[in-house]
Every structure is written in C-alpha cells, then in structure tokens.
Amino acid sequence: MYNNWMRRQRLLGYVFIGPSMLGVLVFFLIPAVYSFGLMFTNYKFMSPNIDFVGADNIVRMLHDDLFYLSLRNTVVFLLAVPVSIALGFVVAVILNQKIYLKKLLRGLYFMPYITSGVAVAFVWMLLFQPKQGPINGFLRSVGIEHPPGWLSTTTSSMYAIDIIWVWFLLGYNMIIYLAALQEVSSELLEAAKIDGARPTQILRKIIWPLVSPTTFLLLITGLIMTIKTFGIIQATTQGGPGNSTTILSLYVYQNAFRYYEMGYAATVSWALFAIILLITLLQWLGQKRWVHY
Amino acid sequence: MRKKGWLAGIASLALVSGVMAGCGNNNNGGNASPAASGKSEALSSASAGSKASGGTVKLKMWGGVPPEAGPQTVMDNWNKAHPDIQIEYVRYVNDDEGNLKLDTAMLTGQDVDLYVNYTISQTAKRVESGFAADLSAFTDYNIDEKMGADAAGWKIDGKYYGVPTTKSSFFVALNKDALDAANLPVPKDWTWDEMREYAKKLKQGDGYGFIQNTEPYADPIDAVLSKEGYTKADGTSNLDHPLVRKWLESLNGMMQDDKTTPPLGEQLTSKMPVEQMFLSGEVPMLNIGAWLLRSSNNFTDYPRDFKIAFAPVPRLQDDAEGSMTRGGIGDYISINAKSKNQAAAWEFLKWYADGGMAPMAAGGRLPASKDADQDAALTSMLGDKADTYDKDSLNYVIFENKTPTFVRSLPQEVMDLRSQEYEKYFLGAQSLDETIAAMVSRHDDYLKKSK
Chain A
698 MYNNWMRRQR
708 LLGYVFIGPS
718 MLGVLVFFLI
728 PAVYSFGLMF
738 TNYKFMSPNI
748 DFVGADNIVR
758 MLHDDLFYLS
768 LRNTVVFLLA
778 VPVSIALGFV
788 VAVILNQKIY
798 LKKLLRGLYF
808 MPYITSGVAV
818 AFVWMLLFQP
828 KQGPINGFLR
838 SVGIEHPPGW
848 LSTTTSSMYA
858 IDIIWVWFLL
868 GYNMIIYLAA
878 LQEVSSELLE
888 AAKIDGARPT
898 QILRKIIWPL
908 VSPTTFLLLI
918 TGLIMTIKTF
928 GIIQATTQGG
938 PGNSTTILSL
948 YVYQNAFRYY
958 EMGYAATVSW
968 ALFAIILLIT
978 LLQWLGQKRW
988 VHY
Chain B
13 MRKKGWLAGI
23 ASLALVSGVM
33 AGCGNNNNGG
43 NASPAASGKS
53 EALSSASAGS
63 KASGGTVKLK
73 MWGGVPPEAG
83 PQTVMDNWNK
93 AHPDIQIEYV
103 RYVNDDEGNL
113 KLDTAMLTGQ
123 DVDLYVNYTI
133 SQTAKRVESG
143 FAADLSAFTD
153 YNIDEKMGAD
163 AAGWKIDGKY
173 YGVPTTKSSF
183 FVALNKDALD
193 AANLPVPKDW
203 TWDEMREYAK
213 KLKQGDGYGF
223 IQNTEPYADP
233 IDAVLSKEGY
243 TKADGTSNLD
253 HPLVRKWLES
263 LNGMMQDDKT
273 TPPLGEQLTS
283 KMPVEQMFLS
293 GEVPMLNIGA
303 WLLRSSNNFT
313 DYPRDFKIAF
323 APVPRLQDDA
333 EGSMTRGGIG
343 DYISINAKSK
353 NQAAAWEFLK
363 WYADGGMAPM
373 AAGGRLPASK
383 DADQDAALTS
393 MLGDKADTYD
403 KDSLNYVIFE
413 NKTPTFVRSL
423 PQEVMDLRSQ
433 EYEKYFLGAQ
443 SLDETIAAMV
453 SRHDDYLKKS
463 K
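For the protein sequence lines, the chains are A and B, in the order given.
The numbering of the first sequence is the numbering used here, which starts it at 698 and goes up by one.
The numbering of the second sequence is the numbering used here, which starts it at 13 and goes up by one.
To be clear, the hints were calculated from the coordinates, so they are not data collected in a lab.
Keep in mind it's a predicted model, so treat the numbers as computed, not measured.
In this text, a Cβ means the ideal position worked out from N, Cα and C, and glycines have one as well.
It is possible that some hints are incorrect.
[As the list claims (entries may be wrong)] Heads up, simulated BS3-like pairs for lysine-lysine below, C-alpha to C-alpha not over 25 Å straight-line:
#1 A/741 to B/350
#2 B/215 to B/244
#3 B/362 to B/397
#4 B/215 to A/828
#5 B/200 to B/397
#6 A/828 to B/271
#7 B/171 to B/239
#8 A/828 to B/213
#9 A/741 to B/461
#10 B/350 to B/70
#11 A/741 to B/460
#12 A/828 to B/283
#13 A/741 to B/258
#14 B/212 to A/828
#15 B/244 to B/167
#16 A/741 to B/167
#17 A/741 to B/463
#18 B/215 to B/239
#19 B/258 to B/239
#20 B/403 to B/171
[To be verified] What the simulated footprint calls covered on chain A by chain B, stretch by stretch (three residues with Cβ under 8 Å from a Cβ of chain B suffice, anywhere in the stretch; the number is not a length):
#21 708-718
#22 897-911
Bound conformation, chain A alone:
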C-alpha cells in the first residue's frame, strides 16, 4: 500500500522534471560527451573525414604559445571580478544610507547589466577612442599629455576591457549586496554604536563578515560567468590588437567557427572547463577560512 504510493510519487517526480531533463540532455549532456570524444579526433567542421588522433590535440595545446597567451589574458580579465565586487560593496553601503536620489542612483547603477552587450561595446569604443574620444579629451584637458591608448594598444587593451567589464558587473553586485545589507540586524549595529565602535570598525568587523556568504556567491558566479564570456571582446576588439585580448573562450570560438578546427577547439574548451572546475573547488575549500554563515 505505502510502497505503491511511494512509487507513484516517484513517477510523478520524473514526469515533472522530464521536460527540463530532456533539454539538458539534448543541449548539454550529449554535446558535452560528444565534444569530449572530439578531443581525440582531427575533426574539421564540414569535413567528411574524421580520424582518431589520440592525444595529439592535447600535445599541440601544451606546445601552443597562443594557448598560454590566451590563458594569461584570461587571468587579467578575471581581475575585473574582485574589483567589481569591492566597488559593488562600497556603492551598496553608500546607497544603503539615507541619501538623496537613492532610488534613481540604484537604477542607474543597474542599467549596464540589462543593456545590450553590443550597444555597450560600441559606446565604450567611442568613449575610449584615443584621439577624439571624450575620456582622453578629458585627460588632456586636465594636463595629461599622453593619455593611454586604451583599446588601441597591445599593452593597455586587456585592462580597458577590464574597465568595461567592471562597469558591467557593478550594478548586479551592488543589487545583491543591497539585499544582503538589509539582512544585517540593526540590533547588532546599534549595540556596536553604543559600545563606541567607529564607522570603519563597524564596516570591517560587523558588516563585511555578515555579508561574506554574498561575497562568496558573487565571487564564484562572477568568475564562472567572466571566464565563459567572449561577446564583449568579440564586439570590441575581436581579440586584437595583435592577439592582446584573445582570452581562452574567444580562442575556442575562433578555432571552432573561424578555422573550423572542431577537435582542437574541443580540447581547449575542456581545458577551460578544467580551469573553471579547479577555481571553483579551490574557492569551495578556501571558503571555510573567511565565509561566515
């Protein structure tokens, strides 16, 4: 009797998750397994021939200067995440005070996150223009004779992309932090004030630890999202000038859809997956030291 009911409940459960599992299966699991297999082949898109080449692709990747360069660029790109989290926290704390135009400012900070990526890219390209762009115009007007070339030099381009990305992530980080700040109990803050704690002390010793789970969440999701992104770079520099902004995800894209080298692209994308997995695991292990639930 009871067993029968259990069985029916279980069946019903499968019926409910069925449709979404089908989606995961068709669009994620099967392609993932397939791409794992591709790693060991020399498959080129459209090509009728597909040969098993063993670990050739992996050897090639380990000897590929561009792979290491893309890896380095990816690391520089990832710097945007902690920076935008720190800024997001500061902005959220400020907007959590009683200040004028609070609602408007919150909206403004969140705007980039919901704006079309291509539009964002074009606006920033205009702003960053080395000669006529308003940013350098401003810098010149305050007396800086040789303002940076931003997107147009190999040395500054990756950092210019970082700036765009910080600006993009900021609003989201701020909103999540604002929600977390509402959760901070006012009793604790009042108690601290009565005990004579200074505002900076309250911020560092009470608020920051209390929102640490939020910081952890933002760090993990931010890093994963950033490492996967290539749209913003594809829309601005396409990996250039030279290959100074080619990050791993873009490198995968170029190999797959520009050169049709599916086997090699699969290899690099699995390397990328391994890196994401590693970063996430490390953070998971490290969280005990600084995340307070």
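Put chain B on the given structure of chain A with help from the hints.
Coordinates of chain B only, in the frame set by chain A:
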C-alpha cells in the same frame, strides 16, 4: 561550462537558420508575398522536399550581397520569364558567422541550390565536403572561353566547382579635385614609394593622405607572394621576403613619421569609417574595391562634391615586370552537389553569368562574361552619377589594365597570424625583425601542422 557552448551553438544555429531564411526574405521589400506565407514556406521547405505543386521547380540561392543592391531585381526578372523555375534569394552576411550559417544549412540538408563563394579557401572546404558540384559535367558552357584567362585562378585541382561571374576590381580611389589642386596626375602604374610621396603631398594639416579598407589591407604583399610563392623551395615560409619587410617598414613610416595614414590600432578599435572619410573629402586616397560604388552612388548618405578617379593598387616592386594585382574575377557561384534541382540551377547560373546579373552593377558588380553587355552594365553601375566619376581611369582599372591578377587563396589561419603580428608591429609592441621572425615561425608551425 564553456564546453557545451559550441555544440549547442551548432544545434541552435541549425534550428534558427531555417527560420532566418524566411525572415531574410521577408525583409527584401518589393516582394508582394505577405510575411506569413514567406515564413511558412521556409519552414515547410526545411522539412519537406522543394518541389511545389504544379511541377514548378523552386530554387534557393545564397549570396552575400544585400537583396536591395541588385539580387532581388535579378530574381524578379528571372521569375517573370521562367514560371516553371522560381528562384528565391537568401542573404548571408559574408563573415565568420554568415559562412557558418551557410555551411550549417548545407550540412543539415536545407535547401541550398546555389551559393556564392567569395574566397577560394572557403570554396575548397566546401568542395572537400562534397557540397560543390563539379561543373565539368555540364558541357554546354565553356567557362574559360567566356570568362577569359583570369578564371583559371578559381580552378581547384584543375576543375571548376563554380562559375566566377563578376569583374572584381580592387583599386585606389582618388579624389580627383584634390589631385588636380596639387598638380598630381592620375597614375596608371605606380610604386608603393610613389604612393607614399602622393600621400605626403596631399596631406593637409592633421588629416591623412591615404587610408585603407581593412579587407584589401595586405594585398600588396599577397601580390608579391602570389607570384614568388608563400613558401620557399625548401617548403619553409616565405613571409620574410624582402618586399614584405619593405611593406611593413614603409607603412609604419607613413603611420609614425609622415603621419599620412592612420595607425592601424586606432583604425581597428575605432572601426574607422574609411568610405565615409573618403567620400566626405576628408582623405584624398582610399585603397578599396568595387563595392565602394555602393556608397559613392548614394548621395543621400554620402554627399560628395568632387570627382572620383581610380588607380591600380601600387606595387611594391620597382619594376612593373612580374608584378601582379588582385582582382580579375570573383563571386564564384557553386551549385550544391546535394541539390535535387541541379539542372534547373545550371540553367539559372548560365543566364545569370551571361547578363542576367546586370542589375548587380548598381552595387559595383560588373559581369565578367564576354557575352554580357558590359557598356550597359557600366552605365547602370554609374547611374545618374556618371559625371561624378573619371571615366578614363575607371575604364582603365576595370577593363584595360593588363597586369596579371591573383585570387586570394591564403588559408584564414595564415591571414590571421600574419595580421596579428603586423598589428603588433604597427603598434610599436615589437620590432620589425621580431615581427618577421614571429610571422615566419608561426607560418612554419602552421605548415607543419597542416601537412
């Protein structure tokens, strides 16, 4: 996480491209069919066969030119004259994504009967995959005879897998008024150094004397290497050819010392609108191709108060003997070997090449076939703007210049590695020697890998 991206991409691309085909067509304008029927047609033809009721053959042709720049008129003309074979034009954008869309459409068996190739390396991929019919099966049209000697550049393993249809000219467009003011003649044959002098003389104030569209940017070195070979006799890279060095050095000099041409980094990251800069009279010389006519005939968006003259792309060699120029003929139209309507597609293709394509001239595309009425095409190309062009020099670069031509055949990977390295050089991030060494070693790696 990333790993799912590209494969899911293929699947979704395959899904959307059927729908896109319908959408693209609805945007054509001038077509009376209501949007709804167009869409359902695309959907049904993606699943079912392409034979409609009543024995009409339905063809689909994929090309990169916007329908309003000629193709739609061509299709309408054909459809009016041939009620039994109806053809529909699908536009794909000729970039990575667009070519991928076309390849995916063919791979997934959607209806692609005819398609236009723009580079020989892309054609080669499609031939290898069995998506381009060998046209030697059709014996009633002699491509060599119709299109002339330049057509041979499009042969793959000695065979035609398509018909090159367009006279594709690449040239330097000149602001004739500015040249006249500086007392400079319109050159018919000039060297890279002479061009540099022109740029210096024409430069005004902070402006530039010479700008280049990024598509033909590296053509001067391809002109050299198409002749001398991209590899040396021993099979190693020839990218350290002295003239490659000369091109790099002099162009860098123009950017840094003469300031007659924009630094490449700035041009790329600001997506410099070179056509607009030339047509507004801001810069007097522009290295570009026939597609300039699309903009230069459009006085609404590009008002212009000067006459345009044309010169061949300057050569790096001092000696005219043995120099080459890009161009000849292009728009290589293939028939999908998987198409069920190859005979009908062939009928259309012959008609198109022999003059049916005349309306394409409005977008700068002149028919290459000797049987097409080229004067008429030229007239329709220039339209009512004929007197804003210098006819003599236009005739010269399109018809009279007898310099041997080459078709770009370099694999995308090599073009990319080359441009990545020269970008670094033009930005001052590496020296000339480092640049050449890096190009050579990366090219050698590529050659080894693709053996």
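query: Hint numbers the structure violates, sorted upward?
result: Numbers 2, 3, 13, 18, 20, 21, 22 - these are the hints that the structure violates, sorted from lowest upward.
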